[in-house]
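> Listed in order, the protein sequences are those of chains A and B. Position 157 (the first sequence) corresponds to 148 in this note's numbering; numbering is contiguous. Position 13 (the second sequence) corresponds to 73 in this note's numbering; numbering is contiguous.
For the record, the hints were derived by calculation from the structure and aren't laboratory data. Since the structure is predicted, the reported quantities are computational estimates derived from the model, not experimental observations. Backbone N, C-alpha and C fix where the C-beta goes; we use that ideal spot for every residue, glycine too. Check before you lean on any hint, since a few could be wrong.
Some chain B residues near chain A, calculated using beta-carbon distances under 7 Å [to be verified]:
1) Lys87
2) Val150
3) Lys158
4) Ala175
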Amino acid sequence: MEGIRLIEVKEDILSDNNKMAGEIRERLRIAKTLLLNLMSSPGSGKTSFILRTIDGLKGSLRLGVIEADIDSVVDAEKVAALGIPAVQLRTGGFCHLDAAMVTQGIEALPISDLDVVIIENVGNLVCPAEFDTGAHRNVMILSVPEGDDKPLKYPLMFSVCDLLVVNKIDFLSLSDFNIALLRERVLALNPRIKILEVSCKTGAGIPDWIDWLKAEAAGFNP
Amino acid sequence: MHELPITESILRIVLKHAEANSVRKVKTIYLKIGRLSDLQDEWIQRYFDYLSKKTVAEGARIVIERTPVVMQCNGCSASYEWEVSKMDEVVCPACGGKSSTLLSGREYTIKEMEAQ
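Taking the hints into account, I'd like the entire structure generated from these sequences.
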């Protein structure tokens, strides 16, 4: 009987994904295209936010969108109707996007003609935080009706994001959502994160987001 | 929630090392997973049992070591472990500072495996 041996593996389980994500980042850096990964819960207003972004940019940046909502073409159709190149990934019930799926999306877009590509990730605050999509910046939307306790429940998501957009601030007067407490909780997890307050319904705060996006894109294509 | 793709990755890496080491049977696989990950241990084993059928890793037991969340204070640079359940109120135990940076707690590593 052969004895039992101990074999050292020491390999990162996500190494294939991380390597592919690094390749995406480099490829888009060379193409001078900023890739943003937009994450949130279902119903937080991701698609409305993208539509507001298209409107707010007024053509000043060339935008493309990769949609990853589970088995739906509705979101991509809404975006494409505004003349923005959009590709719908069918994630087939997957809970997150990985770098291989994003690569497919990028190959379907005219990257060299775009300044910014926004990935609309699957609506979920758990899994997308764990998988590097190859984006240069991670942006999260939290809407007021979801509550100010979300950093407590999904700490990883808040830790990996560069920007937190608090949406539906028009609901603030109707709820006990404490925005100062939210800021404190989020900054304790991630002191580098920037926080913006917007309402996709009224348009409040959208100019601040557009300014942030333009500044980030300018850093990519000086 | 994403135990399936993670488990596929684990199996792929395990089989690669099994082949390189001329393994006939993989007995135990030791993983190190950070506490910030939401993976459910029992689902990893269940998916692994399913995916590894008819491979040298069929029947292998998966042992998961959870590595702690380690923070570093942005004020005094002290590093310290912190509970995931208290992530909304991170306070440096050395200086009381409320601003810290995550050092580790997101690991996803296959450490080693026992095989014949």
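> Each hint: holds or not?
Results for each hint:
1. At about 6 Å, the closest approach between the beta carbon of lysine 87 of chain B and any beta carbon in chain A falls short of 7 Å, and the interface hint on this residue holds.
2. Among the interface hints, the one on valine 150 of chain B holds; its C-beta lies about 5 Å from the nearest C-beta in chain A, closer than the 7 Å criterion.
3. With 7 Å as the threshold, the beta carbon of lysine 158 of chain B comes within range of chain A, its nearest partner Cβ sitting at about 6 Å, so the hint holds.
4. Checking alanine 175 of chain B against chain A by beta carbon gives a least distance of about 6 Å; that is within 7 Å, so the hint holds.
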